[in-house]
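Participant: Mind assembling these two chains? They're in different frames, but the hints should get you there.
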Amino acid sequence: MAVKTAPGSPEVSANPPRTTPASANSVATLIRRPESGALIGTLAVFVFFGMFGGEQFLSPGGSASWLNVAAELGIVAIPVGLLMIAGELDLSVGSIIASSSMTLAIVSGYWGAPTAVGILAALMLGLLTGFINGLLATRTKVPSFVVTLATNFGLAGATLGFSRVITGTTSVGVQPESWAKSLFGTLVADQFEVAIFWWIAVIVIVGWLLHISRYGNWILAVGGDTISARATGIPVQKVKIGLFMGSGLGAALIGVIQTILYNGAQVANGQAFVFNSIIAVVVGGVLLTGGYGSVVGVVLGTLTFAIVSQGIYYTGWNSDWAALILGVLLLVAVLMNNTFRKMALSSATPKKKA
Amino acid sequence: MSVPFLKLKDINKSFGSTQVLTDISLEVKPGEVLCLLGDNGAGKSTLIKVLSGFHEPTSGSMEVEGEPVRFRSPRDASDRGIATVHQFGGTFPLMSIGRSFFVGAEPVKGWGPFHRFDHKFAGEVAVREMQGLGITRITDGNRLVGGLSGGERQALAIGRAVYFGAKLLILDEPTAALGVKEATHVLRIIMQARQKGLAVILVTHNVTHAMKVGDHFAVLIHGALAADFRKGERTREEITDLMAGGEAMAELEAEIAAYESAHDGHAPDPEELEKMLHQK
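Chains C and B supply the protein sequences, listed in that same order. Under the numbering used here, the residue at position 261 of the first sequence is numbered 273, and the numbers go up by one with no gaps. Under the numbering used here, the residue at position 222 of the second sequence is numbered 247, and the numbers go up by one with no gaps.
There's no promise every hint is true.
Stated by the list, open to error - Derived pair list, reagent style DMTMM-like, types lysine to aspartate or glutamate, alpha-carbon separation capped at 25 Å: (1) B:K32 / B:D64; (2) B:K192 / B:E52; (3) B:K192 / B:E278; (4) C:K153 / B:D101; (5) C:K153 / B:E81; (6) C:K250 / B:E81; (7) B:K192 / B:E149; (8) B:K300 / B:D266; (9) B:K237 / B:D253; (10) B:K256 / B:D266; (11) C:K250 / B:D104; (12) B:K54 / B:D240; (13) C:K250 / B:D101; (14) C:K250 / B:D143; (15) B:K34 / B:D104; (16) B:K206 / B:D240; (17) B:K54 / B:D253; (18) B:K192 / B:D101.
Stated by the list, open to error - Sample of chain B residues lacking proximity to chain C, with all beta carbon distances greater than 12 Å (derived): (19) P93; (20) E198; (21) R255.
These are calculated hints, taken from the structure and not from any lab test. Even glycine gets a Cβ: it sits at the ideal position worked out from N, Cα and C.
Bound-form chain B, shown alone (with noise of 0.2 Å):
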């Protein structure tokens, strides 16, 4: 078994009097896509930003190569490999495509004080590396950010990071904004990732995203880990129940089958459903 690239043990965040994360312990290999799943506010944002630097964990380790890390700024994550791609890409729609690639890294030539930012090179390259990711329709690297679709902007996002080294993409939500066949391209290329080698964390609560790409899944509800498990270990149905709080789906099932019961087997109307979900 490979040492994995990144290991949280027992990872708690509150902010002031607020616990947001309750002993997180997850660790995710390289070569491998560990899909963080959970409902809107179950704390994986939170999660991401302890992994990359915007946060520091109120209490517990986090090791990065078998070596135990602190990331004080998003600066220290990114200089152990750590790269994140936010949902809309993390890009400057105003910005050519060339210039938004090396945001912070510009490639310069000539000397000292004379340096100039060198846009043919940049452009070339955020070209060449999008079109590796198999966006082909981008061919100038002066065009505007803004100018691309959702999927184009995560690949330029991604194509970055891995330019620039990442040896851990995390990608927060990189599908819920795209049309079915962008969100396919960009599930391609997420294992196209995988396949070189990265360790991928992706955030998502599309189940049907996760489970295209995932080899390891994490489910968080409140801030905790509500369960851990490989791929095939679970059914579609029971991660989306798990997601939605299981219990809660549970009692409403099983309030419908006493009301089916009650009333010689009619399922409650719409409205009569309707106060059921109220009462939660």
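Chain C on its own, in the form it takes in the complex (with noise of 0.2 Å):
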């Protein structure tokens, strides 16, 4: 398209800026958001179960049922939709999962060792692997899908051989203290998780530091072209170590939360969540090759995840089909974002003339 030149010099034409009031077109904004997309999913999916689930999944018992999985996926999810942003993956959530639940279970419940120990030592677990697989993606320059799987498997392999040699398990139990239980373990309301909050929590946090911190324009650099990023100055391995620790540490919270909740902890643990965290950050419009995405976007696409998978219970039809669901959903997600983020891309804001 051309460019529309003021007439002589350009200098003549450097006017004060003519900057459009926010809500002038604030519903064409809104439709051009690409976060759009994922919003009308999950509304689609919770009208589509509300009519055919009837009374039982609108019931606060039914919407703690899918409140209850979308939040601990979230918890896993939104961080690792902050690291597909900044352009790399996470296979590795399913067995930092595991192996935290692990660690809390043989330390406090195997060993005895006071609740705090064991959650710490979880937590630590979950950020040492993260700093591991960042160093191996930004170092070796393997793509982080390999790196990660790599620690998936391995880590899998070593919570198991390591609760086997201990304890001679692979399932351990623990009684956590009354403060840990009510912390990470409860039932608010005998329904909802406390999990719940923790969601809210990380959705708070790393809504605040994508979307109003300055290294939220960092992540988005990062993802979008790294070469570039570089060149003005940000520090792209740091950035990417510190995002691949805050996915780990994201794993480690869950690891933490079930642990504490069912209380005890099974080395088998956790795998699901690999790919429903990558079906929840997909859905929610995260660009797969990074530099696009928002953690409304990830909420949004962990809710219509959870809903789904939940929902299907209350159809009274057979619960195989969630996969199904589940997978046509993806796609159509997908192909929906992208004509969304088609409709951003446009320059179709009216032209103002001076």
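Facilitator: And the structure:
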């Protein structure tokens, strides 16, 4: 498209900026926001299961069932989404959940150390795994897909191996102290997991980081064009390593929450989170190749996933169909997000004459 | 005579056993446009990377404003006021104009850990700087960079460099992907930067564009400086010849002339010409 040059030399045209008031095209702006696709998806599945799932689905019990799933998934998906915005994948969250659960159960349950020590050890394990992932991915230039796939398998094996060597079994019980139980593993109003509040905290912290602080700009830039980002002086490696540690910490937090909620840990926990978190993030409009995404989008993607995976139980249909719906939904959501992203990129703003 | 902003002396660069740049000596003064010409693979990109701190030269010395410098990272070069703008503007298609303008140097308000990225300020400055460069179509800093045309992206990148105090702009093929009208606009922006007293290195293989804005020309062939001359010292044909590897062109002309005299003045038909070209 042509650039409109002002008559005379460019210098003459240096008039003061005419910024359009934010409210002027708010509806058009809203539609062009790439999260619109994710919002439509969430509303659609909610209405769908509201109709076929009946009152049971809409009751507090029904809401709790999908909110609990969403909260646990969301705590993992939001930092994973942030990492994906920076252009990297993390497939190791499954084993981080398993290994941090086992760490907490072994330290505080099998060895009988204070719960706080076990929690701290579990979270440190998550951070350490994330650090190793980040270091390997940034230093070796091996794609993070491969690096974290390797860590996922390696850590799963290590968890199984150490659990058997230390405890002789693959599932260990733990009786968390009461403060820990109420902080990580109670049910509010007998139905809602306290994880929902942790999820909200993660949303607020990561939302601030990505959308309000200056570091959000770094993350978007690193994911958008790593070389240009480095040229502007952004410490690309540090940003990436930090984000890998963030996703490790999120996964370890879920390990802690599940262990305390169920009073025990199993070595096979958590592998479902690997792909579920990616589904939630992608349905939420994050670009798989990096450079674009929002926390609101990931939250919507997580809700959509949770509503589909739980809503199916309220319809009376065989729950086997849930995965089919999710698969179709994933494709539709990605296609829709691409369309909305194109609309956001198109310069369809009304041209104001000078 | 003013002190050159940047002065290169006998710069060599090799990757392993491959010599990419050989004894490059150049200088560019403030308020002057140096056009770096050369065919693909002549070493232009490597030279730019040396200037912008992506590569360290294997040997040779560089001076900025009379002081010897060594660039170990792009940051070192940008700290000395050297800004590089790549063909596609080096910008981020899915970021807003305001965000993209301030990548790596974000304006913040608020204090300590509660600082906030100042979206409003970023958007306003970006739009103002682009309008200063004659891009009047853009009035909203929240628009995504991907919605800009190639020329507008160049303007965004150049505006950014100037705003952050660049003294030397290195423009890598800024007009290569643009239409005629947009290319003209970018050339005008280059003239504007020159008037402001910036030094400009324009890398291009478009001789017409180079001749429009250049004060000083350097032609690279196989990583060596084949010619270094000022405005008006060479004709367009001479420059084009030089870039295409001078002798090779002359040889072809001689062969065609020989063919013509051997065939009663008939020019070689396309197939014959093709054959001649392939023998090179």
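Participant: Run every hint past the structure and note whether it holds.
Facilitator: Structure-based check of all given hints:
1. B:K32 / B:D64: holds (23 Å)
2. B:K192 / B:E52: holds (14 Å)
3. B:K192 / B:E278: Violated, at roughly 43 Å.
4. C:K153 / B:D101: holds (24 Å)
5. C:K153 / B:E81: Holds - the C-alpha atoms of E81 of chain B and K153 of chain C are around 21 Å apart, at most 25 Å.
6. C:K250 / B:E81: holds (23 Å)
7. B:K192 / B:E149: holds (23 Å)
8. B:K300 / B:D266: The hint holds at about 21 Å.
9. B:K237 / B:D253: This hinted pair holds, its Cα atoms lying about 17 Å apart.
10. B:K256 / B:D266: holds (17 Å)
11. C:K250 / B:D104: Roughly 21 Å between the alpha carbons, so the hint for K250 of chain C and D104 of chain B holds.
12. B:K54 / B:D240: Status holds; Cα separation ~10 Å.
13. C:K250 / B:D101: holds (19 Å)
14. C:K250 / B:D143: holds (23 Å)
15. B:K34 / B:D104: Roughly 21 Å between the alpha carbons, so the hint for K34 of chain B and D104 of chain B holds.
16. B:K206 / B:D240: holds (22 Å)
17. B:K54 / B:D253: OK: K54 of chain B and D253 of chain B at ~15 Å, within 25 Å.
18. B:K192 / B:D101: Satisfied, since the Cα-Cα distance of roughly 14 Å is no more than 25 Å.
19. P93: holds (23 Å)
20. E198: Non-interface label on E198 of chain B holds, nearest chain C Cβ at 16 Å vs cutoff 12 Å.
21. R255: R255 of chain B is indeed farther than 12 Å from all Cβ atoms of chain C, at 25 Å.
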